[in-house]
Amino acid sequence: MMPKKLMQILGLSSLMACAAVVVGLLGIILFDMTGKGVQVLSWEFLASFPHKGMTQGGIFPAIFGTVAITLLSTLLAAPLGIACAVWLAEYAPNHAFTRLVQASIRNLAGVPSIVYGLFGLAIFVEGLHMGMSVLASGCTLALLTLPSVITTTEEALRRVPVLYREGALALGATKWETMRSVVLPAAVPGILTGVILALSRAAGETAPILFTGVVFYSRFLPYSVFDEFMALPYHLYILSTQHHEPDIARPLAYGTALVLLVLVLALNLVAFIVRAKQR
Amino acid sequence: MRRRMFWDRLFERIFAGSALVAVLTLAGIFVLLIINAMQAFGTLSIRHFFSNTPWNPSAYEIPTFGIGALLSGTILTTFGAMALAVPVGIGTAFFLSEIASVRMRNLLKPAVEMLAAVPSVVIGFTGIVLVGPFLARLFDLPNGLNALNGSILLAVMALPTIVSVAEDAIHAVPHTYKEASYALGANKWETLIRVTLPACYSGIVAAVMLGMGRAVGETMTVLMATGNATAFPDSMFSSVRTITATVAIEMGEVPSNTPHYYILFACALVLFLITLAVNVGAEHLASRLRKRGQ
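So the protein sequences, as listed, match chains A and B. FYI, our numbering numbers position 156 of the first sequence as 156, with every residue one higher than the one before it. FYI, our numbering numbers position 31 of the second sequence as 31, with every residue one higher than the one before it.
Here chain A stands alone, though its shape is the one from the complex (with noise of 0.2 Å):
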């Protein structure tokens, strides 16, 4: 009997030590960015541009940089995914098209983001001469996120009882009425965490800006859509291996992770309250 109770202690605690890694693993890394990003934050290095040779000054533009492409590519990607969740949800027949949207949806979830970065370089860069701006950016984004986009809005529609949408259709509803009035508002928190999961994934990326609009100093602000831009994750990386003196940049370049993780889990603990109010 000895040996079974011992390889059940043996065993547990062994999943027990996994589960602890995990934890350990975010632990180390939001120990260690906090610790010594913490020491360079100041007002002026929220608030101003980066200079001499970004060895000094801030890291405003990279912050607003990120803000706009974020902002930008939800914009675009919540109708378009909420859309085409909706019908997955409530239209779709069951037949050959929408699995094919399914496995299309699927499919692209698990596409490399630099894959996307090199179709938004054809796409709409050169494709549609938007040339390197905000707005190739925020569209390459856009379409990124627009798969998770899809799988919660879907997900949330799924769970809004069939009652409600019987009860307004025996009131003479049309079905895009029932949507509107009784439907989509019921699963309003369920969307609002997809959407705001999608920003804080659009934050972070870094790899499908690349080719499409990001630069690593930019004088000033941009303009318009169509002007280039700086960005957090691409000032980091910037910072951190591209820098002609690493020493100098390093406490910079922790500094910047530190806001790019919290502007990430910020958005995270919103959608994660958002949910956990629904409930």
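What the hints contain is simulated information worked out from the structure, not anything from laboratory work. Note that beta-carbon positions come from the ideal geometry of N, C-alpha and C, so glycine has one too. Misleading hints may appear alongside valid ones.
To be verified - Away from chain A, derived, C-beta distances all over 12 Å, residues of chain B:
hint: 1; residue: S72
hint: 2; residue: A180
hint: 3; residue: E218
As the list claims (entries may be wrong) - Here are the simulated distance ranges between beta carbons:
hint: 4; chain 1: B; residue 1: L138; chain 2: A; residue 2: G27; range: 40 to 50 Å
hint: 5; chain 1: A; residue 1: G35; chain 2: B; residue 2: I193; range: 34 to 44 Å
hint: 6; chain 1: B; residue 1: K188; chain 2: A; residue 2: E166; range: 43 to 53 Å
hint: 7; chain 1: B; residue 1: A59; chain 2: A; residue 2: G127; range: 29 to 39 Å
hint: 8; chain 1: B; residue 1: A231; chain 2: A; residue 2: K4; range: 20 to 30 Å
hint: 9; chain 1: A; residue 1: Q242; chain 2: B; residue 2: R9; range: 51 to 61 Å
hint: 10; chain 1: B; residue 1: F237; chain 2: A; residue 2: Q242; range: 19 to 29 Å
hint: 11; chain 1: A; residue 1: G24; chain 2: B; residue 2: L10; range: 45 to 55 Å
hint: 12; chain 1: A; residue 1: D247; chain 2: B; residue 2: K188; range: 45 to 55 Å
hint: 13; chain 1: B; residue 1: L141; chain 2: A; residue 2: T98; range: 45 to 55 Å
hint: 14; chain 1: A; residue 1: P161; chain 2: B; residue 2: F139; range: 32 to 42 Å
Unchecked claim - From the structure, some residues in chain B lie toward chain A, with a derived Cβ separation under 8 Å:
hint: 15; residue: L26
hint: 16; residue: N36
hint: 17; residue: G42
hint: 18; residue: L130
hint: 19; residue: V156
hint: 20; residue: L159
hint: 21; residue: V163
hint: 22; residue: V173
hint: 23; residue: N187
hint: 24; residue: K188
hint: 25; residue: G213
hint: 26; residue: A248
hint: 27; residue: G252
With chain A's structure known, arrange chain B on it following the hints.
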């Protein structure tokens, strides 16, 4: 009434049209990669591309393009990452769904989600400032930017995917299976290994494959942490360059419509096909599990 029916029809069309966008995007990516890659194979033979020709696009006399070294960089870092992430990820998934108390679950699940949310460039940065120096000291290397570093970081990137997909699979195993096992006198561990694990095996494999897809396609972490030498790697301590990193480094510098430009599209096509195969395979396994579950 007629007006209301008009709006009803219009919106149905709009919704269906949006669904079409998803299909068109995937098809568009595929067609675009093929068209551009075809241009590359006008000047370069496919055999040459896949043989052990070195990757030397900026050679003074004749540039050579062989994807072999890059592909082995991708394979080496990905398998290294899987060797680390698979046991830890599956262990965590089992812990979450079979052992953890509700309170612990409520703490652990957000932690896994937070790890998934950490941007890849931040993970890459930890490769430079934490993992690299650590490896250099541990193995007495001049610097820690090598395949092993990339593998460790990719493992971190793949972990959340593996944990959440595997957990769903474990969760789908019917309670009756476990109860029958307990009734026969098996303890928790025996039930887990001999009953639950075999029952959700295909779901676990799907989780591993999706994690692998994630690792193969990851760009920034490997770009920052593996050292980016284009030679064939000898070991986990070699500096390697993956396909993703190559595209990221070189695409920004090549002029459009040159052979080099098209060859980078060919590299991306290889990447796309690998991830597509992995995802289709994972979905096939997952759907088999769903069918059996019903």
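Practice prompt. Could you tell me which of the hints above the structure violates, numbers in ascending order?
Written response: Violated: hints 3, 4, 8, 14, 17, 22.
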